[in-house]
Amino acid sequence: MNARAVSLTIVAFLLGALAAGGIGVRVIREVSTAQDATSLPAGNIAPGPDGPYFTDPNETMIASVSLVPGSLEATDGTVTVGYDLTPLAPRGVWLPPAANVGIRDQGVVLVQPRTWVLEAAGQSIVGVGENVAARTVSFDVTREIPAEEVEAVRVIEAIALFPVEIPFTLGATSPTADLGFGVTAELVRVTEGSTATTVEIAVEGGDPTRVSLFVVGAGPGWRRAAPTQDGAGVTLTWVGGALPVDIPLLAEGSAWVPIEGLFEIEMEGLR
Amino acid sequence: MTDDPMNGDGGRLEDSVYETPQGVVDGESEIPWKPPVIAAILGALLVAVYVVYAIVTGPGPDDVVSTTPGPAPSTVFPPGYVEVANRAGARVESIISTETSTIAFLSTSVPGSTDPAAIPPLEVAFWELSTASGSVSMTDQYRWPGASGSDGGSLTVVFPAVDTGSAADASIVAHPVLSAGTASLTIDAPTTLPVELNDVRIAVGGDAVVIDTLTVDADGGYVQWRAEGDMPARVDTIVTFEGTATGDAGDAVLLPIHLGAFLVDPVAFSEPVPVAYTFASRDRLVRSGAEPDPARPPTGVTVEFRVALVDAVADPVSLTVDR
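Quick note, the sequences are listed as chains A and B, same order. According to our numbering, the residues represented by the first sequence are 1 to 271, in order. According to our numbering, the residues represented by the second sequence are 272 to 594, in order.
The hints are simulated quantities; they were obtained by calculation from the structure and are not laboratory data. These numbers were taken from a predicted model, which means no experiment stands behind them. All C-beta atoms, glycine included, are put in the ideal place defined by N, C-alpha and C. Fair warning: there could be bad hints in the mix.
Rough simulated footprint, nothing fancy, chain A against chain B, three-plus residues with beta-carbon under 8 Å [what the hints assert, rightly or not]:
no.	segment
1	342-354
2	372-380
3	452-458
4	472-482
5	490-504
Quick partial rundown of chain B residues pointing at chain A, CB under 10 Å, derived from the structure [what the hints assert, rightly or not]:
no.	residue
6	N357
7	E364
8	S365
9	T402
10	Y413
11	V429
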């Protein structure tokens, strides 16, 4: 067999392989497409997250906090969703040494996914986050719901905690003041003593789970404020001479403010 | 295999299949067609076997290759946030009106792929509320004492009471801090309490901050100050009762709290916590360090004011109220 015959034989072998390969690839594609179309019901194909993410592809952004679903457990009469929260708020700040400063050092994220809805088997069940430190929410179900039957989970109410400081005055001619958030302050009693004047103020109204305000004296002349015995008001001590006609006061504390939006939880993160 | 009529050597029968014949019978091709045809069939069969194998076994988990790019870490701000300064963005969450003020609640964020711990909290000199009826400047702004990342970046801005009208027409305009001058002043106060100071002027560049009044006793105090010009300032006041340290507790110190509801008294800070800029402030002074002890009166009382006064602001940034 000469060189020409060998070359022809090799070329023929390659041509045969290429021809078969071309047909084969097309067949493989068609078979693969048919398998994809039949292996999953169309309704179960979730439109997976395809956009850029901040901390996790399955996250849901609530303001600047990334909520990442972590677990979905169904036990007797309860479905529990676990999640994590990661704030993106800038925090590169020098702080002096601190130990006893209330909530600041507890690593608490002051954005709370408050009210949730779980949908499964035609039911919509409401769950409420217990507090700002919670990382699970429970749904009481009327019948056993396997975890795989949960169709959707969403946050329908999210809130964020903000500092509030409201200057106001009270006096004989204006004994009440609307502090906002449904809270009012009322001048109850003024008692003059030999060295100090006691001012008693009632603070009423407002949803205690949404707003917390404490009234203090504003400006010099005030001693430390103390809550009244019933806890519904405050007693202030004035040592600054004659009590001003318009008593300068300050309501300070915090309020939970709603974050607008409906926040769909990515079910991929719960599977 | 048959005997090649053109090759009489039976011992070379095999070679005859592959060799070009020396002579050709009329009507017969000069090309040896059998070897190429057999090779082509062999090649096709080989590939066909692979194709059948591939279909039967299907793609393995590692064989799945996405044809579209998957999700990737973001490099932009979360939805609704507008960069205000130094890679810190803000958006308006809510705005309410009370009898005396209009209060805007803002949250802050860094862009994606940015470490929040590497970005300082948003420093805005002052904010303006712009409505269809005009524009007003803030009266105050505050965040949690020593606002850290755990606070969610909450920022509260207070304006005079105005009718915000349609939220679609309203916006809140940030004037970020571009630069600020600093100055400090330490005063040796009398050891006889209470201490009272009035009208202390502290020059910073061409402007000044005026301490209108400061009153101090052993357990607390009060300071009221204002910026003289049209730029806001930040004033840290530290009152130290020297010679009062006991055990682990250092000298008794009075520090300002701009918003004190969440500070547990006595404050455990040894230095003032950073606060937001404002045009004027009335701060309570709360004790840190050693408990007052009449048997150990202070040997000296120093009052230190540390002042930062904004001297330039960056280009304003507008945030819509109605997102």
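Cross-check of the supplied hints:
1. 342-354: holds (count 9)
2. 372-380: With 6 residues in contact (Cβ-Cβ under 8 Å with chain A), the coverage given for the segment 372-380 of chain B holds.
3. 452-458: violated (count 0)
4. 472-482: violated (count 0)
5. 490-504: Since 4 is at least three, the answer is holds.
6. N357: 8 Å, holds
7. E364: 6 Å, holds
8. S365: 5 Å, holds
9. T402: Since the shortest Cβ distance to chain A is 19 Å, the answer is violated.
10. Y413: 6 Å, holds
11. V429: 7 Å, holds
In the structure shown, a violation is registered for the earlier hints numbered 3, 4, 9, in ascending order.
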